[in-house]
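**Q** Start from chain Y and add chain B according to the hints.
Protein sequence lines, in the order shown, are assigned to chains Y and B. Residues in the first sequence are numbered consecutively from 488, following the numbering used here. Residues in the second sequence are numbered consecutively from 438, following the numbering used here.
Note that these hints are calculated values from the structure, not bench results. Owing to the predicted nature of the structure, the values given are computational and were not obtained by experimental measurement. We put the beta carbon where it would ideally sit given N, CA and C, even for glycine. Where hints are given, some of them may not hold.
[As the list claims (entries may be wrong)] Listed below are the simulated DSBU-like cross-link pairs for lysine-lysine, each with C-alpha atoms no more than 30 Å apart in a straight line:
1) Lys634(Y) to Lys614(B)
2) Lys821(Y) to Lys843(Y)
3) Lys489(B) to Lys776(Y)
4) Lys614(B) to Lys740(B)
5) Lys650(B) to Lys941(Y)
6) Lys843(Y) to Lys634(Y)
[Unchecked claim] Which bits of chain B does chain Y cover? Going by a derived footprint, with three or more residues having C-beta under 8 Å, they are:
7) 532-540
8) 587-594
9) 757-767
10) 787-801
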Amino acid sequence: MVMGLDRVEARTSDSPMSRSPQPLSLLLLLASLAGCAREPGRTSAVERTGPPEVAVASPPARPVAQLGPLAPPAELTLLPPEAHLVRIALALHGTRPTAAALAAVRADPEALGRIVDGYLDDPEFGAVIRDMWNEVLLLRVEANRYKLPLLGPLADRGGDAAYMSAVPEEPLRLIEYVAVNDRPFSEIVTADHAIASEMAIDAWGATPMPPDPGAKLPAGWQKVAWDSGQPMAGILSSGALWLRHPSNGTNNHRGQAELIAESLLCSGFLGRDVPLFNNIDLSDEDAVKSALTTNESCVSCHQTLDPLASHLFGFVRMAPGGIRKSYDGDRCVKERGLCYPLSEYRPQVANSYRKKTGREPNFFGLPSTDLRTLATQIAADPRFSMCSARRFYAYFMQVDLDDIPDATATALQDAFIAGELRVKPLVKAIVMSDDFRAVGAREGSPAAALVGRKTTRPEQLERLIADLTGFLWHAAPGKAGKAGKADKADQFGEVPLMQTDRFGYRAMAGGVDGFQITEPSFAYSPTRMLVLQTLAAEAAAYVVEQDFVAAKPQRRLLQTIDAPYTAEPAVRAQIAALYERVLAETVRPDGPEVDAAHALFLQGLAGGPRRAWTLLLTALLQDPRIAFH
Amino acid sequence: MSLHRRHFLFGAAAGLGALAVPKVSRAADGPRFLLIVFAQGAWDVTHCLDPKRAPACDVPEGAVTAYPNGVRVLTSAARPSVRGFFDAHAGRCAVVNGLWIGSVAHNPARIRMLTGTRSERNPDIGAIFAATTAEQRPQLALPYVDLGGGAYAGPLASVMGRVGSTNQLVTLIDRSKAFRAGPRAPGSRFAPDQGERDALNRFVAARAEAAAKAPGSAALAGYRGSLDRAESLRRDPQLLGMEVGRTTTLAQQGALAVELFRGGVSCAAFLDTRLDWDTHDDIADQGRSHEQLFAELTQIAGKLDAAGLLERTTVAVLSEFGRTPKLNDQAQPGKDHWPVTSALLFGGGVRPGTYGATDDSLGALPVRMDDGTQADSGQLLRFDNFTAGLLEFMGVSSKRWISNVEPFHGPFA
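Excised from the complex, chain Y in its bound form:
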């Protein structure tokens, strides 16, 4: 079967279609990203943003490339259009579709494209991009060795939680910015700026750059250039990235080069075996240098790894312990070396590779001189577009990179290039494809291992529950009585429990901790179930309490009934409405699903109507339709 790619029509483009990335423009847009739970300074209540409504008079729909299916149509079982929309809504927006969106798709399945465009243009999509690339770059890690001490200008800014959302997040913010503003994705490395928070600026030192007219930035973040003198090359210039992936001692930045090769080109070195070192004295630097250039087994990796690493010698390790030693309370003793803002890049040592490895910078044999030329080479390398496209597909499909069939990968790359490396058309192609829409495949089909239910990730669960109920699962573990005596009351701040691991449940719920757990889990475990059940109970209690003190139009879920009323018809009608809203499942008030739910309601009624609704909502919020999509 030929896996074809229909030609993508250019939406508004002055540049001809070609199979190579177009020269990059530096036109920037500012995008405001209204609050998600991680935003600094968010108001206390979850605003009912809701999913975007379908526009009445809307611009032309974003084009969508048709990916060739994984298997012949007869082998795939596809979701009906509304169920497809429900899956897309959770994947791109973390919410249920609105009733209007469902009605639109019910009336005309072709309406799905515009709805997807709306999700892609919504700020929540930016959060999805950050979540995705965190799984690649592993930045949201709480281990102390990868965190800057909260001293000096970083002190009293809201504790660890505030730090985590403001400093390590910075490279992800650039990636998000590029994606949501329809910039060519290669700008994640070629951009001459970063997107930094005030705390990141205080930590690393940066000079704000004027925003481009019309461009929007998330509140609290701005376009900057770093002050340490590093060539500006997108995330490659980020101190936060290299803090998380430091180079120690004799590593000579090879680990950092590996990160670049693996995350951006899918051409890492660590999957290969190192040879036996039996005859090499690794403590002899000259012997090592010689082996890396003469020993065939060593040369096979190091002839490309070391020149790649040579671009990074200007970055010096910012050891958190060293920073801590430099501070007396909040006062930094400059003679001790490491004061904020840090100088993570030292131009005077950028050429020290000459002494250490003797390898001039180059990019897989192609000439390169510094981070900027490296970035250009990366952007031009076909592996970049292929790798990025595969990563987006793997993320949304919840499959391993290596399991993506070659034909699919090629089609993805074609779509990505045809869309001028813009993320939104690629993601649209993925979520609109039969691959994503398939709920099952015939046994024995090559697609069987790739399609099916998607597991709701911890961050998706957090968003979905927050959208449905208004509940934010946060805790203050540093307060007296709950954590150990050694913990300072304000050290941790207010902790979002689905985004952290020290006190939270992220890894327990299948997420990555960025240190030892570097791949998400999509299988359910007993502890993951406990997390889901507890979140469901907390959120249920919250929304029942909140809804029954609010007027019906302002309520989130219990919109048709008042607390004292337990008459069966009204209860059944409300239950049916809850199925629609919470589970995106249409049921009859007199149907078997509501029969079972009503029986559960009655079980809780012994404790009063509020308890009954809480019990029922606890069940619905841990339903398979919440756990999976």
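**A** Okay, now just chain B, sitting in the frame of chain Y:
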């Protein structure tokens, strides 16, 4: 403890009279257990398990203590717990040297050592053993418990649970121990009584079973199974008694693992030593970590023995790779990464002795896969040979997860 570059005390097998009478280790009848102890960061095997001499290696002070069953380890007055451990347990210990990992990067090597493969998406030996055991013992609520953080369950996640780095699992099963709600999540908590919980679980189970009939619902099997296991976890006294909010030491993890084994909750556990092994500088930290490790292993062995589980529990003490034979040139010298390591096994019927081999410079030597003796006609003992052998020893076929690999039999009787 100082490390002298060219100083090595090579003692004879001294003090045999001080040793306990060696016990033959054999697996007892009854359910078996697996305890994985992971020394994250990479230990220096010359500090204990694979003694070497200068000048080929830079080694700490100490003397080789040789036990009648062939176990040879470096001991020192500066690290009495090491000697204490082996004096008590050498008769049930197997040391495997010359384990070739083929990587000097922490995470990839860790994955190799634990899963026998190169992918984090594959289950580790604990998960595989637990999944197989759970088929025979379906009453296990949490067949594989991750107490140390970082176990890999892959598609077998339904048999594994993580307790969290500060035991926050307890906050889920006992809401009175939950962390204080943040100001943005006010409101009363809902704690269903047992009748309500039973009704809740029946309802959700029915929903899961109905959903499982639809195509593409293989994942729901794990969801459904986890529902029952989660309920069992809520009632487990060992878990309810965990202290929340503190990172647990190895000994504390071990004590809890033993209780979970004894209580019929788990059959496999993953523990982390919580020690600093990645000694690129200050090699003295290796000595301190070894001392602490063996002190805590002694405690764990004692707990297992007191529970009557020592002969049925295989304890595998592993690390992702080793450290270079020679010190580096750091201001406070340490050792860098080395793709060959050792493993320590005790209990559960392992055949005592030393297996595998390295040369004087810690290079891996070819060995026979059947008995682990050095032979030029043998082959390199790789991580996958070792993990396959351990799985086979635990009564689990390794072929499904570690394919095309000859299991190493050496210490596995």
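**Q** All hints, please: hold or fail.
**A** Results of checking the hints against the structure:
no. : hint                   : in the structure
1   : Lys634(Y) to Lys614(B) : 28 Å, holds
2   : Lys821(Y) to Lys843(Y) : 28 Å, holds
3   : Lys489(B) to Lys776(Y) : 26 Å, holds
4   : Lys614(B) to Lys740(B) : 27 Å, holds
5   : Lys650(B) to Lys941(Y) : 16 Å, holds
6   : Lys843(Y) to Lys634(Y) : 28 Å, holds
7   : 532-540                : holds (count 3)
8   : 587-594                : holds (count 6)
9   : 757-767                : holds (count 7)
10  : 787-801                : holds (count 4)
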